[in-house]
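Asks: What follows is the residue order along each chain.
Protein chains: 2
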Amino acid sequence: MYTLYDYLPSGNGYKVRLVLKNLMLPYVLHELDITEGASRTLEFLAKNPNGRIPLLEVPGHGFLAESHAIISFLASGSALVPDAPFERARMWQWMCFEQYNLEPNIGTARFWLHSLHRTPEALGTALTEKHAKGHDALKVLEQGLAGRRFLVGERYSLADIALYAYTHVAPQAAMPLDAYPAIRAWIGRIEAEPRWEPITAR
Amino acid sequence: MYTLYDYLPSGNGYKVRLVLKNLMLPYVLHELDITEGASRTLEFLAKNPNGRIPLLEVPGHGFLAESHAIISFLASGSALVPDAPFERARMWQWMCFEQYNLEPNIGTARFWLHSLHRTPEALGTALTEKHAKGHDALKVLEQGLAGRRFLVGERYSLADIALYAYTHVAPQAAMPLDAYPAIRAWIGRIEAEPRWEPITAR
Numbered sequence: 001m002y003t004l005y006d007y008l009p010s011g012n013g014y015k016v017r018l019v020l021k022n023l024m025l026p027y028v029l030h031e032l033d034i035t036e037g038a039s040r041t042l043e044f045l046a047k048n049p050n051g052r053i054p055l056l057e058v059p060g061h062g063f064l065a066e067s068h069a070i071i072s073f074l075a076s077g078s079a080l081v082p083d084a085p086f087e088r089a090r091m092w093q094w095m096c097f098e099q100y101n102l103e104p105n106i107g108t109a110r111f112w113l114h115s116l117h118r119t120p121e122a123l124g125t126a127l128t129e130k131h132a133k134g135h136d137a138l139k140v141l142e143q144g145l146a147g148r149r150f151l152v153g154e155r156y157s158l159a160d161i162a163l164y165a166y167t168h169v170a171p172q173a174a175m176p177l178d179a180y181p182a183i184r185a186w187i188g189r190i191e192a193e194p195r196w197e198p199i200t201a202r
Numbered sequence: 203m204y205t206l207y208d209y210l211p212s213g214n215g216y217k218v219r220l221v222l223k224n225l226m227l228p229y230v231l232h233e234l235d236i237t238e239g240a241s242r243t244l245e246f247l248a249k250n251p252n253g254r255i256p257l258l259e260v261p262g263h264g265f266l267a268e269s270h271a272i273i274s275f276l277a278s279g280s281a282l283v284p285d286a287p288f289e290r291a292r293m294w295q296w297m298c299f300e301q302y303n304l305e306p307n308i309g310t311a312r313f314w315l316h317s318l319h320r321t322p323e324a325l326g327t328a329l330t331e332k333h334a335k336g337h338d339a340l341k342v343l344e345q346g347l348a349g350r351r352f353l354v355g356e357r358y359s360l361a362d363i364a365l366y367a368y369t370h371v372a373p374q375a376a377m378p379l380d381a382y383p384a385i386r387a388w389i390g391r392i393e394a395e396p397r398w399e400p401i402t403a404r
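Residue numbers (this note's numbering), protein chains in the order written: chain L, 1 to 202; chain V, 203 to 404.
If you are wondering where the hints come from, they were derived from the structure by calculation, not from laboratory data.
The beta carbon of each residue, even a glycine, is placed where N, CA and C say it ideally should be.
Don't take each hint at face value.
As the list claims (entries may be wrong) - Straight-line Cα separation of at most 25 Å, DSS-like style, residue types lysine-lysine; simulated pairs: (1) 133(L) to 335(V); (2) 21(L) to 47(L); (3) 47(L) to 249(V); (4) 223(V) to 249(V); (5) 133(L) to 223(V); (6) 139(L) to 335(V); (7) 341(V) to 47(L).
Claimed, not checked - Partner residues are not named here, just some residues of chain L that face chain V (Cβ under 10 Å, in silico): (8) 2; (9) 3; (10) 182.
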């Protein structure tokens with residue numbers, strides 16, 4: 001059985017948990033409090049030298065890091081990954097965009113405010129910059145969703161799960177989604193999917 | 203035939219050019235000077251709303267962005283992508299690591315110094331932070347290469363191409379590689395691969 005090392009408020013971890021749940025794959029959850037340095041202990045660094053969760057232990061193979069590597073491994077051959085090569089590439093395009101443009105801004109701002117309980121006043125321009133770049137990413141996402149039900153091939157895929165994870169909690173990063181009607185409608189569709197569960201559900 | 207929109211000094215673009223060359227795929231190169239805003243014109247934003255190169259035009263399908271989405275599309279089914287599911291996931295783990303931990307630090311520091319010709323004095327702590335995080339990434343890469351010829355399955359794969367692109371030009375970001383013997387040996391092996399070419403080769 002898989003073992004998942006995770007921190008429940010993590011959007012990156014949530015992607016993995018949503019995929020495991022969607023595919024009804026049983027797993028053992030090993031919770032780590034990353035705000036207390038639990039992913040930087042010598043014991044954990046021996047499992048993942050990059051010191052980050054989520055981390056999946058795959059029996060017979062070892063440890064796999066990076067949320068998108070994990071979910072593509074778990075969902076390979078399932079309905080969550082398009083069969084057509086160009087659609088699969090488009091799925092990866094959105095997932096790469098998420099890790100480069102969306103997560104480092106919205107995810108980091110949310111981590112500062114929501115997990116570490118820092119104040120906007122203390123964060124100052126560091127937060128302002130994350131908000132500006134985060135809204136740039138949301139504008140690209142809004143445009144990508146215009147006239148579509150889901151990001152790729154009109155079907156729920158890993159791309160939706162990967163971009164939903166931090167987008168739906170953007171308000172916890174003090175980034176309201178009022179200006180993004182296509183994003184809000186898409187969030188509603190994802191939350192109506194079978195086997196969806198909230199971010200910190202066990 | 204493919205059309206590649208690219209800026210020759212770009213490490214992200216270089217990944218795509220190395221894969222096209224390795225697989226002997228013919229393409230038209232459309233060069234853009236991103237230091238002059240050529241990827242942020244209305245004409246280019248209509249092709250890629252995220253305003254970035256490399257961008258691949260795929261006849262019959264449209265435009266594909268994000269270097270790793272592009273190279274995995276081009277190399278699908280080739281010897282550059284491992285057949286075994288866990289090895290393929292490990293390849294993606296390294297590629298995701300590159301986009302999150304390596305490229306935003308080494309690539310950005312190099313862009314400031316080498317493409318925009320800014321000085322370390324003018325950049326100040328912004329550069330110091332990029333250097334610190336960049337060296338953290340290089341340490342993880344050095345450890346990952348210990349006792350290995352290539353990153354995954356002892357064979358040259360997309361993971362090697364993706365991580366080599368910015369690592370081999372780290373000295374242009376004022377980050378010498380002297381402290382990383384495994385990385386330097388691996389760079390030598392990659393540059394001995396058939397159909398390797400230098401970053402700004404046409």
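Asks: All hints are to be evaluated individually against the structure, with a verdict given for each.
Replies: Structure-based check of each hint:
1. 133(L) to 335(V): Measuring from Cα to Cα gives roughly 20 Å; hence the hint holds.
2. 21(L) to 47(L): Holds, at about 24 Å.
3. 47(L) to 249(V): Violated. Residue 47(L) to residue 249(V) sits at ~41 Å, over the 25 Å cutoff.
4. 223(V) to 249(V): OK: residue 223(V) and residue 249(V) at ~24 Å, within 25 Å.
5. 133(L) to 223(V): Violated - the C-alpha atoms of residue 223(V) and residue 133(L) are around 34 Å apart, more than 25 Å.
6. 139(L) to 335(V): violated (28 Å)
7. 341(V) to 47(L): Measuring from Cα to Cα gives roughly 15 Å; hence the hint holds.
8. 2: Nearest chain V Cβ about 12 Å off; hint violated.
9. 3: At about 15 Å, which exceeds the 10 Å cut-off, the nearest Cβ of chain V leaves the hint on residue 3(L) violated.
10. 182: violated (13 Å)
The structure fails hints 3, 5, 6, 8, 9 and 10 (numbered hints given earlier, in ascending order).
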